[in-house]
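Trainee: Chain A: place on chain H using the hints.
Protein sequences, first through last, are from chains H and A.
Every position in the first sequence, counted from 1, becomes a number in our numbering once 412 is added.
Every position in the second sequence, counted from 1, becomes a number in our numbering once 775 is added.
Hints may contain errors.
Below, simulated BS3-like cross-link-like pairs (lysine-lysine); rule was C-alpha separation at most 30 Å, straight line [stated by the list, open to error]:
{"no.": "1", "chain 1": "H", "residue 1": "Lys-471", "chain 2": "A", "residue 2": "Lys-1106"}
{"no.": "2", "chain 1": "A", "residue 1": "Lys-1048", "chain 2": "A", "residue 2": "Lys-998"}
{"no.": "3", "chain 1": "H", "residue 1": "Lys-590", "chain 2": "A", "residue 2": "Lys-1048"}
Chain H regions said to be covered by chain A (calculated; three or more residues, Cβ under 8 Å) [as the list claims (entries may be wrong)]:
{"no.": "4", "stretch": "416–422"}
{"no.": "5", "stretch": "439–451"}
Keep in mind the hints are simulated off the structure, nothing from the lab.
Think of the CB as a built atom: it goes at the ideal place given N, C-alpha and C, for glycine as much as any other residue.
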Amino acid sequence: MTVNSNAELFCGKVVEDYDPATGIADPASIAYRIRISYDESETDITVESKIDFFSMDPKAAEVTELIIGAFDFESSNTTAGIVSKLVEIKDRLPKLQNLFIGDITYEENEMSWIQQSDVSPLLEAYPDLLHFQVRGGNGLSLGKLIHHKLETLIVETGGMPANVIREVCYATLPNLVKLELWLGTDDYGFDSTVDDLDPLFGDKLFPKLKELGLRNSCISDQIAKKLIGAPVMNIIEELDLSMGTLGDEGGQALLDNPAVKKLKGLDLDHHYMSDAMMEKLRGLGIPVNLSGQEDEDEYDGESYRYVEVGE
Amino acid sequence: MQFWILGNPENRRVTFFTDAVCKAGFAAPLVIPYQSFIADPVFPTHSESQRVCLRIESPGENADVREALIYSGMNIAGPVHEVHELVNDTGRIGFAKEWYAGFVRVLNQAKLLLAQQGISCMNHPDDIAVLFDKVKCHERMRMHNVPVPALLPVVHTYDELREAMRAAGINRVFVKPVHGSSASGVVALRVQHENVAAISSAEFVRPGCVYNRLRMQVYRDEKQIAGLLDTILGGYAVAEQWIPKASISGRSFDFRVLVIAGKATHLVVRTSKSVITNLHLGNRRGDSDEVEAYIGKETFEKVKTTAEQAAAAFPQSLYIAADVLLANDKKTVKVIETNAFGDLLPGIEHEGRSTYETEIAAAESKTKMK
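Isolated chain H (complex conformation) (with noise of 0.2 Å):
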């Protein structure tokens, strides 16, 4: 499975793509993107030019969110020219809040193949940020992260990169109240063991968390497993595996947990769990997320899980 649509909404406003030829009409209810088309990829046009016509529109000083998308379909650029253009411009969007980095689906390009680059120098120019989100974890870092108002971040990849969660496990982000990170498979670079992932289940790195999200991984079993006695489910009130490859064994270690008893909600979407592990799950009295049962691939005499968005 492969992420199929482009951000329709975002931070709750309606996204739209940003025309140089209209301009920015309206901050207060659209989110823009700025990416290039696919005709566009053929001319001189780049995403960092339309980065620089859309800082000096007038309504710039108004825009409270930005989405990056689709920035090359031929010569696989790195989003450097981008992180560095955004730097460069940042005296121009004064009260940006929200900001998402390469909102590209399947059909643009592989998720794996997106070509990241080091974007903590973002989150060093805009200081007001609340919510940061990359897609891609090619070649991705998120640096020394140390940000003090940010409240949001999301990191989807089809396998993050160890480096990567070095930099999470080891952040400043005081006010973090939302984390979620897509972890992937071993196939598309994921190389870390559940043992790394140790500091984010603690209470004391991120002490406002609410919502954790460990999705489309590979070894959502042993996360559930790691979560028995776990400090940070004294903390969250929302626990999101989804998009894994949770099975009985780890749906047993949620029933196991009395922490998760005491959550608001818990979302499973896409698992691997038998009816009658499903079922007592439903008797947990929390709203669980369910759907999306997988079956096991068969081949060879061996059974293989899938996370939902690998490529």
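Mentor: Here is chain A on its own, set in the frame of chain H:
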């Protein structure tokens, strides 16, 4: 008016059309089975006062007819063990050129008989022959200034394809068998640096042996990809630019637009979680009102007028089904496929009429005008 159908009598296309003809108050159509026409290309006789309109249907979904067309294309009486095995091996891809040669022979014979017997037709044999040749069809589209994705020069191997892609600066293509229909044998290929991925419903077994399956798979091993594409390209295929489609609610979409007598009538939004939206592959119809609201009335109209433009390139034919792509910028519109037999759209109505009912009414008013 009396309708005749050149078709496979057991096929639902023939039954549905027959029902529509009867519903319109005409006598049931006379069916000329492909099987007998290939063996003995004659039409029935008819009285001079009787107006006859021939509908040429798809010869598809019939292994015996496929086999006979291949022998006809090979100029032999058959049977050939290899061909017989192939057509009875469900999904196996092969002998496309020979099949096409056999089909064109049938079309030419029909054309001759139409002229000799003074019979009109719904879709003209010459047009059908072009519609089943993607190279000729692309040429025709360009001549009529219909927007189409760029086509690479014809190549025969994977290595040649990569070279042609490099030369054209194109990193993503759809490889389509020239005489193919539906998604059969279609491969979506993209490359980036040392990475290469191919998405297809074709299953590569070994060089020269490829099956058309109902499930998409992704190939990442270049050896396999090369084997798959050597086989498909070796059987005559073209590569065209792969333009990313627009998407809604987690599915990408495009449009099947049926144009009858110059006017876009029946429209289906085809949506898919895969990059190939053909409706046979577990994909499904989308909500056209929802899509219209999403892309805007103007763009929706542009999709329809572009389909009409494509159909206008075939002035001898009554109905043409164009598959129209809307790029992810929600502005760029391209015709990715034109179909001679693309009117099997059960349940889709235009002004209260099914596709066949609208075609029958159009055929009737066309003969009245003469």
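Trainee: Each hint needs a verdict: does it hold in this structure or not?
Mentor: So, going through the hints one by one against the coordinates:
{"no.": "1", "hint": "H:Lys-471 / A:Lys-1106", "result": "holds (25 Å)"}
{"no.": "2", "hint": "A:Lys-1048 / A:Lys-998", "result": "holds (26 Å)"}
{"no.": "3", "hint": "H:Lys-590 / A:Lys-1048", "result": "holds (28 Å)"}
{"no.": "4", "hint": "416–422", "result": "holds (count 4)"}
{"no.": "5", "hint": "439–451", "result": "holds (count 3)"}
Violation of the numbered hints given earlier is absent; every hint is satisfied by the structure.
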